[in-house]
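**Student:** Mind docking chain S on chain X? Use the hints.
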Amino acid sequence: MSAVTRLSTLAALWRLVRFARPALPRLIGGMVAGLVAGLVALAIPQVLEVLVDSAVGADARDAIVPATLAILGLGLLEAGAILVRRWLVLTPNTRVEAAMRSALYERLQRLPVSFHDRWASGQLLSRAVSDLSLIRRWLAFGLVLLVVNGVTVLVGAVLLIGIQPVLGIVFIVGALPIWIIAARFERTYSVAARRSQDQAGDLATAVEESVHGIRVLKAFGRGGYVQEKFERQAEQLRGTELEKARAAAVLWRWLTLIPDTVLALCLIVGVIIAAQGGLTAGALVAFFATATVLRFPLDSIGFLLAFTLDARNATDRFFEVIDTPVDIEDPRDPLAIEAPRGRLEFRGVHFRYADAKDDAKDLIDGVDLVVEPGETMALVGITGSGKSTITALVPRLYDVTGGEILLDGVDIRRLRLSELRRHVAMAFEDSTLFSDSVRDNVLLGAEDRSDAALKQALEVAQADFVDDLPNGVDTVIGEEGLSLSGGQRQRLALARAVAAAPRVLVLDDPLSALDVDTEARVEAGLRRVLADTTALIVAHRPSTVALADRVALLDEGRVAAVGTHSELLATSERYRFVISSLDDEPHLGEGCGLDIDDEVRRASRDEERGAETLGIPLGEGGRS
Amino acid sequence: MTATPATGVQGEDRDDLTREESKALRRRSVRLLGSLLAPLKGRFVATLVVVVVSTALQVAGPALIAVGIDTGIPALVAGDWGPLAWAGGGFVVAGIAGALLIGRYQIMQAKISQAILFELRRRVFRKTQRLSLEFHESYTSGRIISRQTSDLDSIRELLDSGLGNLVTGVLYVLFTGIALVALDPPSGLVLAVALIPLWFLTRWFQTRSQRLFRQTRTTSAKLIVRFVETMTGIRAVQAFRKEGRNDEVFQGLVEDNRVANAKVFRLFGTFDPGLVLIGNVTVAAVLLVGGFRVADGGLAIGVLLAVVLYVRRFFDPLEDLAMFYNGYQSAAAALEKISGVLEERPTVSDPDHPVPLPDPRGRLRFDAVRFGYGDGPVILPEFSLDVPAGETIALVGSTGAGKSTLAKLISRFYDPSAGAITLDGVDLREAAPRDLRSAVVMVTQEAYLFSGTVADNIALGKPSASREEIVAAARAVGAHDFIEALPDGYDTDVNKRGGRVSAGQRQLLSFARAFIADPAVLILDEATASLDIPSERAVQTALQTLLAERTAIIIAHRLSTVAIADRVLVMEHGRIVEDGSPAELIAGTGRFASLHAAWRDSLA
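Going line by line, the protein sequences match chains X and S. Numbering that gives the first Met the number 0 applies: residue 0 is where the first sequence begins, and numbers increase by one. Numbering that gives the first Met the number 0 applies: residue 0 is where the second sequence begins, and numbers increase by one.
It is worth saying that the hints were derived from the structure and are not from the lab. Please note that the accuracy of each hint is not assured.
Straight-line Cα separation of at most 30 Å, DSSO-like style, residue types lysine-lysine; simulated pairs [to be verified]:
#: 1; chain 1: S; residue 1: K461; chain 2: X; residue 2: K243
#: 2; chain 1: S; residue 1: K110; chain 2: X; residue 2: K243
#: 3; chain 1: S; residue 1: K262; chain 2: S; residue 2: K221
#: 4; chain 1: S; residue 1: K40; chain 2: X; residue 2: K228
#: 5; chain 1: S; residue 1: K336; chain 2: S; residue 2: K126
Calculated Cβ distances over 10 Å to all of chain X for the following chain S residues [unchecked claim]:
#: 6; residue: E20
#: 7; residue: S21
#: 8; residue: P38
#: 9; residue: T46
#: 10; residue: L47
#: 11; residue: G60
#: 12; residue: A181
#: 13; residue: T201
#: 14; residue: F212
#: 15; residue: N260
#: 16; residue: K336
#: 17; residue: L341
#: 18; residue: V576
To spell it out: a stretch of chain X is covered by chain S in this simulated footprint if at least three of its residues, at any positions, have a beta carbon under 8 Å from a beta carbon of chain S; those stretches are [to be verified]:
#: 19; stretch: 97 to 105
#: 20; stretch: 231 to 239
#: 21; stretch: 278 to 289
#: 22; stretch: 305 to 312
#: 23; stretch: 369 to 377
The structure presented is a predicted model; accordingly, all values stated were derived computationally and were not measured. For glycine and all other residues, C-beta sits at the position ideal for the given N, C-alpha and C.
So here's chain X without its partners, still in its complex pose (with noise of 0.2 Å):
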């Protein structure tokens, strides 16, 4: 990704100081603790050896006591030195993992639409969730015991070598091998386990479209052909998870044979040495038993070193986005309007997507338009012209990437964010709501949070239905709480865009799950709320443009014709071919689909390009 300058392993971590200051004293306190727990595991075989040499010698029942003693305080020691790293690390490090996750999940709620775009969801989730703990795991025992571990290995190895030269040469000699064979496991491993996590994304994948696409499955009667297609990818991921399982059966396979054949050949040189009398018993025993104190940490150290890599790439994920600047945010000296009319221009406007196509022509393509205060304005186009993205330019979900668009003469740019955002509220086609009540979910953006408010909020948007849920404006809805249909959230995004009572009001496409009754019934409300705000309303029915004062008609990008819908109906064929259907909305009473599928409604359906129907001759329309 952000490939340009990869850091060093050692500076990439050092960023997390950032985060981690507050808790480093208890860190480097933790650091020590573990020292000392090792140390002191290892001080116990010596121990061992005074009592067992003496338990041979001449003084021996004497010596017992006290050695057993000594032996007992210090196991004692290394258990509660143990405590005292566990203790300091660990509340620390909760509240490190803590900072980070509100900070990654602040900095990406001020991210632009445009990088939530890029970012799947998902993507992100796994920043905020699997990354974070695992820096945390890192910081609290991968990097603690790379430390601590590390030095016990060397003190261990210098006992050892004291204990006697040779079996201890023998010993590490024969014991670094683990170290290389940790460290290439790591590798093949970490190469298989990326790839079954690839292929366990997509078998989810699959999974979730079997089920969200059941009804076209069972039309099709294709189950046969999506099971054999899922039962290929289930088996390549059994496939990788056998090849990550062979890669971990040899490791341990080295990992057990290793330091048992070394303890073996030091047993048998140490035998001979012993029967030379080169070595006490004593020594013996606290050679065995000091092998057995350093064989974790032997076996770690390996597996430590590839913890720290992936505390790295996982810092890196997590930096990626912390480190995204924030392209759309107030600007330094922002204006204030004093008194908001709602006078909305465009003034020669483009917008184009950053990863668009060089070639491409601008999405947006140079849009003049004025809406007076007060004054209702349809937007009217065919998919791709250009719509839905006129209307994320008001509040400045996007940015225009040439000309401006001003609020009450003031460059929209010029404003506090939460400024313009008061003075314009948008319902969406994709009708989000949140997890909460419906009283919150509706007051979202209001000033006015009175029951009165809601209640003309919700009365506007016929969203009567309201009363009929299990608590009422209380019930929780969304993800956590009550589902709703299609229509009952779009009336509810309604409400709440007219709650908000902002002066400029952004509606795309707002009616479009409605069935038809109901929509008479909304736009009788909605002409009340419109008659003293300014509005941009995207219509894609002929009952919804006559809610507005003036159309514009857009056409690739462009304002193609502006005036009342009976004038464009005169003037403009191409209005004519866009709008004034063969069948101006004959209602036989009938839903145009309360149970709208989301899917269907999610698409924003006029950021893309193309859908060019136009090899149909003009007056094909009017059959019957």
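**Tutor:** Relative to chain X, chain S alone:
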């Protein structure tokens, strides 16, 4: 307290299960586990043998050191290399063989758990596909997905690490204990005494960790839901300035999760040193008891060393063992839920003796069909209808009149509760499912696209389709031009940016999918609802040629669509109230005539 029985998935949301019901659920899980393990019996036994031998060999080490020191040294002093060769050689052999076997065991164990997982995945997936729409409409997609993902994950975790650690851990502890007792019974006695505080410590850990782990799981689940909700709804978050309030809420959730985690770590922070403490005290005790006997000459030094090594090693796997129960608990809960899904029976079942429909012509007959969803109100009280092959029918009527229900019955998403529907004289319930699915295809306003290319998505209607056929189908429905304009044309990935298609475009693709399937009966349920008006016109034109020799059922609220029908049915409350050609009905005085008149006025 049996509001709903605990069969199938119904027990899932209840926390008031009676003792018998919980027992029944557990039995169901065990049965499922048994059926998964049955074909692996041989491998299972072989794996057990390997791990037993391997653990025994690994445990032999300290005993061999004892032999080497106690008999090897004196023998060597006397010039006899024999004992040393035996002990040293034995140690080498035991070490190598034990290591090879433990590696072998890990692979064997992975094969077993992967085989179980694969089979479980396969079964759940197949069951999900088989279960009728009725099930899917009540059991939300989120739940069925978490059965197949997070629940399977907890089982995977148990199989991958938990179970393996349990087996090796138990054997290790067991063999170490046995070796200790065999080598020096008094030391065995000391260890036995140490087991008492160990038992209490472990029990304390287990009961507390169970509760604390549940807390970490629930707090992290809440955090994740909030996180995902914010990120997917980021437009609304920013447009309505919810960032500040979200920060507060999220920080609260992070803190809850942190506290829950910290409690778990503190638990480990006590348990782990506790184990070390008991271990070290036991070592001291063993030394005290052994030291005097060594001084008396009653115990060899090598044995004392081996005893110390055994005691130290005895405590190593205990933490893993204590953890096993947690993994086991969540896996057991997962297995309970999965076995519930597997227990469900499709309400629309495959026929025992399927009648093939090799060359369907498309004559549809409803014979006194009665239908209602589940125990709900009757939608179709007694519905009879005869549709000759090749006829295009338009269904008109208000919401709830039963039009979509009719469509679902024809595609056999549901079966009638009385009466019969026949296609070319064959009862749909008797028709071979594969033939029925290729004969009858339904396009709804829900135009779902699967990940993959545009071409893949069209080809879903006919997996064997060539590129030419795909392009032809796209051309036929007027989708070709927009597809060509996509970054990679037909090979554009529909999930990638720039390849993302609008709701109307999705609908065109789903039309293309239906046309390439070339069914004898085509059902369009509000299939043009998301199209913009020009696109709809294009589809209309295409439909006229495409529907020429097919039976078609069109449900639409726009009268223009109705005009291309041979016959219009106006439905009300599950009954046909008007039936005739569009011209006839318009000329009459019925409902359709007045609707049509109103529409003509609106055009003027």
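**Student:** Compare the structure with each hint and give your call.
**Tutor:** Verification of the hints:
{"no.": "1", "hint": "S:K461 to X:K243", "result": "37 Å, violated"}
{"no.": "2", "hint": "S:K110 to X:K243", "result": "11 Å, holds"}
{"no.": "3", "hint": "S:K262 to S:K221", "result": "18 Å, holds"}
{"no.": "4", "hint": "S:K40 to X:K228", "result": "28 Å, holds"}
{"no.": "5", "hint": "S:K336 to S:K126", "result": "13 Å, holds"}
{"no.": "6", "hint": "E20", "result": "27 Å, holds"}
{"no.": "7", "hint": "S21", "result": "27 Å, holds"}
{"no.": "8", "hint": "P38", "result": "15 Å, holds"}
{"no.": "9", "hint": "T46", "result": "13 Å, holds"}
{"no.": "10", "hint": "L47", "result": "17 Å, holds"}
{"no.": "11", "hint": "G60", "result": "6 Å, violated"}
{"no.": "12", "hint": "A181", "result": "19 Å, holds"}
{"no.": "13", "hint": "T201", "result": "16 Å, holds"}
{"no.": "14", "hint": "F212", "result": "14 Å, holds"}
{"no.": "15", "hint": "N260", "result": "5 Å, violated"}
{"no.": "16", "hint": "K336", "result": "15 Å, holds"}
{"no.": "17", "hint": "L341", "result": "15 Å, holds"}
{"no.": "18", "hint": "V576", "result": "13 Å, holds"}
{"no.": "19", "hint": "97 to 105", "result": "holds (count 5)"}
{"no.": "20", "hint": "231 to 239", "result": "holds (count 3)"}
{"no.": "21", "hint": "278 to 289", "result": "holds (count 6)"}
{"no.": "22", "hint": "305 to 312", "result": "violated (count 0)"}
{"no.": "23", "hint": "369 to 377", "result": "violated (count 0)"}
Of the hints listed earlier, those the structure fails to meet are numbers 1, 11, 15, 22, 23, in rising order.
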